[in-house]
Amino acid sequence: MAYSEKVIDHYENPRNVGAMDKDDAHVGTGMVGAPACGDVMRLQIKVGENGVIEDAKFKTYGCGSAIASSSLLTEWVKGKTLDEASTIKNSQIAEELELPPVKVHCSVLAEDAIKAAINDYKSKNGDKAKSA
Amino acid sequence: MKTPIYFDYSATTPVDPRVAEEMCKCLTPEGIFGNPASRSHAFGWASEKLVDEARNNVAALINADPKEIVFTSGATESDNLAIKGAAHFYQKNGKHIITCKTEHKAVLDTCRHLEREGFEVTYLAPETNGLIDLEKLKAAVRPDTILVSIMHVNNEIGVIQDIAAIGEMCRDNKIIFHVDAAQSAGKVPIDMGALKVDLMSFSAHKIYGPKGIGALYVRRKPRIRLEAQMHGGGHERGMRSGTLATHQIVGMGEAFRLAKEEMAAENERVRMLRERLLNGLKDIEEVYINGDMEQRVPHNLNISFNFVEGESLMMALKDLAVSSGSACTSSSLEPSYVLRAIGRNDELAHSSIRFSLGRFTVEEEIDFAIDEIRKNIDKLRELSPLWEMFKEGIDINAIEWAAH
Ligand SMILES: Cc1ncc(COP(=O)(O)O)c(C=O)c1O
Ligand code: FES
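Protein chains in written order, with the numbering used here: chain C, 6 to 137; chain Y, 929 to 1332.
Take these hints with a grain of salt, some might be off.
To be verified - Label-pair restraints from in silico Cβ distances:
#1 E89/C x P942/Y: 52 to 62 angstroms
#2 K11/C x M1158/Y: 45 to 55 angstroms
#3 D1295/Y x E103/C: 28 to 38 angstroms
#4 E54/C x K1029/Y: 56 to 66 angstroms
#5 E89/C x E1045/Y: 56 to 66 angstroms
Unchecked claim - Cross-link-like lysine-lysine pairs, in silico, DSSO-like; alpha carbons within 30 angstroms at most:
#6 K129/C x K1319/Y
#7 K127/C x K1319/Y
#8 K27/C x K1307/Y
#9 K977/Y x K62/C
#10 K1303/Y x K11/C
#11 K1303/Y x K62/C
#12 K1319/Y x K27/C
#13 K120/C x K1319/Y
#14 K1319/Y x K62/C
#15 K11/C x K930/Y
#16 K1020/Y x K1102/Y
#17 K1246/Y x K62/C
#18 K85/C x K120/C
#19 K27/C x K1303/Y
#20 K1319/Y x K51/C
#21 K1307/Y x K94/C
#22 K1064/Y x K1020/Y
#23 K953/Y x K977/Y
#24 K930/Y x K1139/Y
#25 K1307/Y x K51/C
What the hints assert, rightly or not - What the simulated footprint calls covered on chain Y by chain C, stretch by stretch (three residues with Cβ under 8 angstroms from a Cβ of chain C suffice, anywhere in the stretch; the number is not a length):
#26 1230-1237
#27 1274-1281
#28 1294-1305
Hints are computed from structural coordinates only; laboratory data are not their basis.
Ideal Cβ placement from N, Cα and C applies to all residues, glycine included.
Here chain C stands alone, though its shape is the one from the complex (with noise of 0.2 angstroms):
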């Protein structure tokens, strides 16, 4: 399998690796995947008052592909409100990371693990969230 220059650097220099307080009532988690099938990527999110992204962390076990799309998406939410960073779509991380097919679900991986971060913070955070 060849990889392309930007797998290799998110790859080799990932951004945003670690882990954040999972009970912190500002951090979203999100973990998805499963060791059996190979892959488990966990993202979490800091977000503001103000209802934006602050902060970003992930930690993944899987192929390089997947690693390198949970590091990119930790670049690519910060800053962002939760309803923009909600509509990231695979396809975007895919092609950004000029990922061959079988190496979309990757990044399937990715858009579900922060759709759940964000899930996890809105239904700790009830209808403050929405309202931000």
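Once you've looked at the hints, dock chain Y with the ligands against the given chain C.
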């Protein structure tokens, strides 16, 4: 030291320069290029002589009669010819075949094909060390069992099956015994005078010969009959038609001759290198060796680094040419069926790397590999949410994952 370093000798080997030299003599107008089947002139006779010598060398490595060697295009074809050829010829005696779940696809897929033709196949599960329990094999035998096909050395985990004992059992039950020896020739001594093996597959490119050539051993005493799969000019005593590829056969012969001469010394040298590699890795936390360490060729080390996914590890180890049993189930590749068959859970199957060493591996390369692996395992574990959970004492198996 040149990178990437080749640690994939079980996939294929480079041609030994001494082999290449002999092959080159059989191609050009000045060389011995004739058709070995041409009986009417010196070009043919010269080629035939080289083919005879090569056949003798192949036979000598396994202590067989040269008349028992049928040249084919490789172990895949040999497996096909042996299994389909014997099944078709002996089907009047029964239609049951026994093989093992960890066989190479060349055997498994051939058996699947025979199932579609109406044969019944039992796929035995090996023990967790990769070895077959002879009692379980015996228990699978039925009155209509005509063929048992068990590989000598497994390509992924390098374990050596007890083909001597299996052969005795088969002979006692009048069952034909085929062995895929693609990974064992030149690594494990093979004595056809003593073994009760009826059919054995070989490939040249696993032992420093060229790709595209192999052989099938077909026993003469007691005589084993096969239905040909390739029809034509009746070459190779009617079992495999097609003009003999002199240069390929000469390469295979020379590779087998060198293997016979050098196998003992080479095995010891490779074993020391493998031990060095293992010693450099075994104290890393959460590493698991796949397959039995005693009944194993010295060339192979198959190891799982828990909580690190194999494909990403291979990407990190870009300076090492290794192979991985992994690939996420949702991509076109499947996780290793061999590791699954020996009872490894999916996580460990996804985290495995196969190192296969060989004739041109040197100590410096092993030391470089150890450094690279240790560095990258640390890096990837820092990235792994599973590692973090493991370190926090969370039981990953207790979580309800949404398998996809
Ligand atoms: C055990 C085993 N059988 C068969 C084969 C196929 O051999 P060939 O490439 O000569 O067809 C291989 C090599 O991939 C092998 O390892
Ligand atoms: S996550 Fe499945 S191949 Fe990338």
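Quick rundown of the hints versus the structure:
1. At roughly 54 angstroms, the beta-carbon separation of E89/C and P942/Y lies within the given 52 to 62 angstroms, and the hint holds.
2. Checked against the hint of 45 to 55 angstroms, the C-beta distance between K11/C and M1158/Y comes to roughly 48 angstroms, which is consistent with it.
3. Between D1295/Y and E103/C the CB atoms are about 36 angstroms apart, so this pair conforms to the stated range of 28 to 38 angstroms.
4. Hint check: E54/C to K1029/Y, Cβ distance near 58 angstroms, so the stated range 56 to 66 angstroms holds.
5. Distance hint check: the CB atoms of E89/C and E1045/Y are about 60 angstroms apart, consistent with the given range 56 to 66 angstroms.
6. Distance restraint check for K129/C and K1319/Y: the Cα-Cα separation of roughly 26 angstroms lies within the 30 angstroms cut-off, and the hinted pair is therefore satisfied.
7. For the hint pairing K127/C with K1319/Y, the CA-to-CA distance comes to about 29 angstroms; that is within 30 angstroms, so the pair holds.
8. Pair hint K27/C plus K1307/Y holds up; C-alpha atoms about 23 angstroms apart against a cutoff of 30 angstroms.
9. The suggested pairing of K977/Y with K62/C is violated, with an alpha-carbon distance near 70 angstroms, which exceeds 30 angstroms.
10. This hinted pair checks out: K1303/Y and K11/C have alpha carbons roughly 22 angstroms apart, not beyond 30 angstroms.
11. Between K1303/Y and K62/C, the direct Cα distance comes to roughly 22 angstroms. Compliance with the 30 angstroms bound is thereby established for this hinted pair.
12. Note on K1319/Y and K27/C: the hinted pairing holds, with a Cα-Cα distance of about 16 angstroms set against a maximum of 30 angstroms.
13. The hinted pair formed by K120/C and K1319/Y meets the criterion: a straight-line CA distance of about 27 angstroms does not exceed 30 angstroms.
14. Proposed proximity of K1319/Y and K62/C is supported: the alpha carbons are some 19 angstroms apart, at most 30 angstroms.
15. Taking the CA atoms of K11/C and K930/Y, the gap is about 26 angstroms. The hint holds against a cut of 30 angstroms.
16. A threshold of 30 angstroms between alpha carbons decides the hint, and for K1020/Y with K1102/Y the separation of about 14 angstroms falls inside it, so the pair holds.
17. A C-alpha spacing of about 26 angstroms is found between K1246/Y and K62/C, which places the hinted pair at or below 30 angstroms, so the restraint holds.
18. With a C-alpha separation of about 14 angstroms, the suggested pairing of K85/C with K120/C holds against the 30 angstroms cut-off.
19. As the CA atoms of K27/C and K1303/Y are separated by approximately 29 angstroms, the hinted pair is consistent with the 30 angstroms bound.
20. Using a Cα cut-off of 30 angstroms, the hinted pair K1319/Y and K51/C holds, with the two alpha carbons roughly 24 angstroms apart.
21. Restraint check: the Cα-Cα separation between K1307/Y and K94/C comes to about 29 angstroms, which is no more than 30 angstroms; the hinted pair holds.
22. Distance check on the hinted pair: K1064/Y and K1020/Y sit about 26 angstroms apart at the alpha-carbon level, within 30 angstroms; holds.
23. Distance hint between K953/Y and K977/Y is fulfilled; the C-alpha atoms sit about 13 angstroms from each other, no more than 30 angstroms.
24. Pair hint K930/Y plus K1139/Y holds up; C-alpha atoms about 24 angstroms apart against a cutoff of 30 angstroms.
25. Restraint check: the Cα-Cα separation between K1307/Y and K51/C comes to about 25 angstroms, which is no more than 30 angstroms; the hinted pair holds.
26. With 3 residues having a Cβ less than 8 angstroms from any Cβ of chain C, the region 1230-1237 of chain Y passes the three-residue criterion, so the hint holds.
27. For the region 1274-1281 of chain Y, the assignment as covered by chain C holds, since 3 residues bring a beta-carbon within under 8 angstroms of that chain's beta-carbons and 3 suffice.
28. Given as covered by chain C, the region 1294-1305 of chain Y fails the check, having 0 residues with a CB less than 8 angstroms from a CB of that chain where 3 are the minimum.
Consistency note: the structure conflicts with the earlier hints numbered 9 and 28.
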